[in-house]
Amino acid sequence: FELEKNRIKIVKTSSYYLSNSWPDPLLPKYINVVIKIKTTLNPLELLKYCKLIEKKLGRSRTKKNAPRTCDIDIIDYDKKVLNFIKENLFIPHARMKMRGFVLLPLFEIDKKWKDPKSGKNIVNLVYSLPVKNLRSIKQI
Numbered sequence: 003f004e005l006e007k008n009r010i011k012i013v014k015t016s017s018y019y020l021s022n023s024w025p026d027p028l029l030p031k032y033i034n035v036v037i038k039i040k041t042t043l044n045p046l047e048l049l050k051y052c053k054l055i056e057k058k059l060g061r062s063r064t065k066k067n068a069p070r071t072c073d074i075d076i077i078d079y080d081k082k083v084l085n086f087i088k089e090n091l092f093i094p095h096a097r098m099k100m101r102g103f104v105l106l107p108l109f110e111i112d113k114k115w116k117d118p119k120s121g122k123n124i125v126n127l128v129y130s131l132p133v134k135n136l137r138s139i140k141q142i
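Everything in the sequence shown is counted per the working numbering, starting at 3 for the first residue and increasing by one.
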């Protein structure tokens, strides 16, 4: 995907995690990973590039939460709270605090990370997840 040509450098990558499909656990499972990057792209340019990668990997946007080949979310951008309503981009990601498949790999790569909106650290966010949520996620 020529990341460096597009001003994106991967800094750190978590392990891969297998999780149930959400919101319907009967659909195919997902493989999740968190990647920390450095970029000179602004948030909207980064979103546009993420959507291009999704498309190249075969994602078609049908109905909400439908199974998909790739789903890239921007979880954090320079520890800022950003809201781009027209583009449907909210940083930090609005539902990440409820998602073990985001929090566990994020904890793996940055044990000191804090939610810029609430100020809660990653350890407290992980501990606040329901045990059922954590048990459904497996490191692979």
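Source of the hints: derived by calculation from the structure; they are not laboratory data.
In this text, all values refer to a predicted model and were calculated from it rather than measured experimentally.
Be aware that a few hints might be false.
Said to hold, decoys possible - Straight-line Cα separation of at most 16 Å, EDC-like style, residue types lysine to aspartate or glutamate; simulated pairs: (1) Lys119 <-> Asp80; (2) Lys50 <-> Asp26; (3) Lys38 <-> Asp112; (4) Lys116 <-> Glu89; (5) Lys38 <-> Asp117; (6) Lys53 <-> Glu89; (7) Lys38 <-> Glu6; (8) Lys57 <-> Asp73; (9) Lys14 <-> Asp112.
Stated by the list, open to error - Pairwise CB distance ranges, derived in the manner of DEER restraints: (10) Ala96 <-> Ile37: 33 to 43 Å; (11) Leu59 <-> Ile142: 17 to 27 Å; (12) Leu29 <-> Lys82: 13 to 23 Å; (13) Thr15 <-> Leu54: 36 to 46 Å; (14) Asn123 <-> Thr71: 28 to 38 Å; (15) Ser17 <-> Asn123: 33 to 43 Å; (16) Val125 <-> Thr64: 30 to 40 Å; (17) Arg137 <-> Leu43: 32 to 42 Å; (18) Arg97 <-> Ser17: 37 to 47 Å; (19) Lys88 <-> Lys113: 18 to 28 Å; (20) Asp80 <-> Pro30: 32 to 42 Å.
No residue lacks a Cβ here, since even glycine has one placed at the ideal position from N, Cα and C.
Consistency of the hints with the structure:
Between Lys119 and Asp80 the alpha-carbon distance is near 12 Å, which keeps this suggested pair within the 16 Å criterion. At roughly 27 Å between alpha-carbon atoms, Lys50 and Asp26 are farther apart than 16 Å, so this suggested pair is violated. Using a Cα cut-off of 16 Å, the hinted pair Lys38 and Asp112 holds, with the two alpha carbons roughly 9 Å apart. With a C-alpha separation of about 25 Å, the suggested pair Lys116 and Glu89 falls outside the 16 Å cut-off, and the hint is violated.
A C-alpha spacing of about 15 Å is found between Lys38 and Asp117, which places the hinted pair at or below 16 Å, so the restraint holds. Of the supplied pair hints, the one linking Lys53 and Glu89 holds, its CA atoms being roughly 12 Å apart against a limit of 16 Å. With a C-alpha separation of about 14 Å, the suggested pairing of Lys38 with Glu6 holds against the 16 Å cut-off. Distance check on the hinted pair: Lys57 and Asp73 sit about 10 Å apart at the alpha-carbon level, within 16 Å; holds.
Proposed proximity of Lys14 and Asp112 is supported: the alpha carbons are some 9 Å apart, at most 16 Å. Checked against the hint of 33 to 43 Å, the C-beta distance between Ala96 and Ile37 comes to roughly 19 Å, which is inconsistent with it. The supplied range of 17 to 27 Å is met by Leu59 and Ile142, whose beta-carbon atoms lie about 19 Å from each other. The hint said 13 to 23 Å for the Cβ distance between Leu29 and Lys82, and at roughly 33 Å that hint is violated.
Evaluation of the 36 to 46 Å hint for Thr15 and Leu54 yields a failure: the beta carbon distance comes to about 20 Å. Under the hint 28 to 38 Å, the C-beta atoms of Asn123 and Thr71, about 33 Å apart, fit the expected range. Under the hint 33 to 43 Å, the C-beta atoms of Ser17 and Asn123, about 20 Å apart, miss the expected range. Separated by about 37 Å at the C-beta atoms, Val125 and Thr64 satisfy the suggested range of 30 to 40 Å.
Hint check: Arg137 to Leu43, Cβ distance near 37 Å, so the stated range 32 to 42 Å holds. A beta carbon spacing of about 22 Å between Arg97 and Ser17 contradicts the range 37 to 47 Å that was offered as a hint. A C-beta distance of roughly 35 Å is found between Lys88 and Lys113, which places it outside the suggested range of 18 to 28 Å. In this structure the hint that Asp80 and Pro30 lie 32 to 42 Å apart at CB holds, the actual value being about 34 Å.
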